[in-house]
Amino acid sequence: MKYPAVLSFNDIFPQLDAFDTIIDARSESEYALDHIPGAINCPVLNDEERILVGTTYKQVGSFEAKRIGAPLVAKNIARYIDTLFADKPRDWKPLVYCWRGGNRSGSMAHILAKVGWPVVQLDGGYKAYRAYVAAALENPPALSFRVVCGTTGSGKSRLLETLDAIGAQVLDLERLAAHRGSVLGHLPGEPQPTQKMFETRIWDKLRRFDPSKPVFVESESKKVGNLRVPDAVMERMRASPCIALTLSRPNRVRLLMEDYQHFCADPSSLNAQLDHLVQLHGRARIDAWHEMAEGGRIPELVDELLVEHYDPAYLRSIDRNFVQYPQAQVLELGDIGKEDFLAAARSLQSAAM
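Take the sequence shown: its letter number 37 is residue 37 in full-length UniProt numbering, and every next letter is one higher.
No lab work stands behind these hints: they were computed from the structure.
Careful, some of the hints might be misleading.
As the list claims (entries may be wrong) - Computed list of lysine-lysine pairs in DSSO-like fashion (alpha-carbon distance at most 27 Å, straight line):
id, residue 1, residue 2
1, K2, K127
2, K88, K58
3, K127, K223
4, K75, K205
5, K127, K222
6, K213, K114
7, K196, K222
8, K127, K93
9, K114, K75
10, K93, K58
11, K205, K223
12, K58, K2
13, K205, K222
14, K75, K93
15, K338, K213
16, K75, K58
17, K205, K93
18, K88, K75
19, K58, K114
Since this is a predicted model, take the numbers as computed values, not measurements.
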């Protein structure tokens with residue numbers, strides 16, 4: 001094969017995991033929005049340089065823009081070869097892509113091939129990859145989902161984490177979305193990914209699952225925080241067999257107190273989130289909940305939120321959206337210790353084998 005080889009993503013996909021390095025040659029801001037899983041960012045033009053070249057192109061012309069851009073591109077590629085790629089052997093096989101598979105990835109692929117490495121360039125660039133992912137999520141693989149249902153605080157996320165730890169197949173949408181899925185679900189210090197990155201993470205998980213084994217997933221709504229679960233994935237989930245996870249209300253309060261310690265330390269942050277519920281519960285009730293938070297009565301507040309808000313909303317949603325929930329396998333947790341979740345996870349894994 002002649003290098004650089006320019007291949008479509010359809011041709012690349014079967015060998016995607018065989019590349020030694022996947023190089024995203026776009027700018028750092030483009031990379032941050034979404035990228036091929038596992039790719040490293042080596043901007044041929046960084047954000048500042050890209051603005052300079054683009055402005056020159058619009059205001060002066062193509063030739064002047066290329067004259068300014070060429071030494072920047074050459075300098076950046078040379079730096080990567082001198083640093084990141086200096087120790088790569090002759091048979092090192094990288095995949096390179098940019099936005100449309102044009103000048104940026106073409107320049108890098110050309111120079112890497114001249115060095116002697118068997119480099120592949122993605123024809124159509126990120127846009128071609130993104131089109132592939134979007135199409136794949138419209139028709140996801142035929143996986144056997146097992147939907148873990150349960151009211152807020154019943155331990156669904158902890159059960160999924162434990163299942164994952166013992167080797168079961170798990171699609172943890174909340175982890176992929178960096179959000180716990182409720183009005184209080186924002187994770188401090190961890191922003192949610194973009195919608196495209198969320199979909200990339202889902203696609204990457206789905207493609208790696210063994211169709212002969214079950215995939216455990218939580219009974220999410222269509223949105224996890226600000227992100228939307230792809231429609232076809234949600235439809236498959238909602239049509240799947242369910243597991244009804246149960247835990248006593250006092251233990252649910254204990255679990256939520258552990259999971260949401262950041263709100264206990266900062267009642268003002270909790271109250272700001274509770275303000276989103278004014279339309280549902282009225283100003284008077286929200287003010288009463290504010291007083292509980294400010295007075296340190298967090299366990300009492302959590303219990304009241306479960307009774308007045310979370311449980312009614314969750315039960316309505318489950319009955320409406322998950323058609324096999326009436327026939328759900330009941331799984332009762334006696335406590336919230338690690339051994340309790342481990343026993344529950346092992347029982348589910350054994351039953352699925």
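For each hint, the structure was consulted:
1. Of the pairs offered as hints, the one joining K2 and K127 holds, with about 24 Å between alpha carbons and a cut-off of 27 Å not exceeded.
2. With a C-alpha separation of about 39 Å, the suggested pair K88 and K58 falls outside the 27 Å cut-off, and the hint is violated.
3. Distance hint between K127 and K223 is fulfilled; the C-alpha atoms sit about 25 Å from each other, no more than 27 Å.
4. With a CA separation close to 37 Å, the supplied pair K75 and K205 exceeds the 27 Å bound.
5. Pair hint K127 plus K222 holds up; C-alpha atoms about 25 Å apart against a cutoff of 27 Å.
6. For a cut-off of 27 Å, the pair hint linking K213 to K114 is broken: about 45 Å separates their Cα positions.
7. Taking the CA atoms of K196 and K222, the gap is about 16 Å. The hint holds against a cut of 27 Å.
8. For the suggested pair K127 and K93, the alpha carbons sit about 22 Å apart, so the restraint of at most 27 Å is met.
9. With a C-alpha separation of about 16 Å, the suggested pair K114 and K75 falls inside the 27 Å cut-off, and the hint holds.
10. Proximity of K93 to K58 is assessed by CA-CA distance (about 37 Å); at most 27 Å being required, the pair is judged violated.
11. For a cut-off of 27 Å, the pair hint linking K205 to K223 stands: about 18 Å separates their Cα positions.
12. Between K58 and K2 the alpha-carbon distance is near 36 Å, which puts this suggested pair outside the 27 Å criterion.
13. Proximity of K205 to K222 is assessed by CA-CA distance (about 18 Å); at most 27 Å being required, the pair is judged to hold.
14. Under the criterion of a C-alpha separation no larger than 27 Å, the hint pairing K75 with K93 is consistent with the structure, at around 22 Å.
15. Between K338 and K213, the direct Cα distance comes to roughly 25 Å. Compliance with the 27 Å bound is thereby established for this hinted pair.
16. Taking the CA atoms of K75 and K58, the gap is near 23 Å; set against the 27 Å cutoff, the hint holds.
17. Note on K205 and K93: the hinted pairing holds, with a Cα-Cα distance of about 24 Å set against a maximum of 27 Å.
18. Simply put, K88 and K75 have alpha-carbon atoms about 19 Å apart, close enough for the 27 Å limit, and the pair holds.
19. Of the pairs offered as hints, the one joining K58 and K114 is violated, with about 32 Å between alpha carbons and a cut-off of 27 Å exceeded.
Hints 2, 4, 6, 10, 12, 19 from the earlier list are contradicted by this structure; the remaining hints agree with it.
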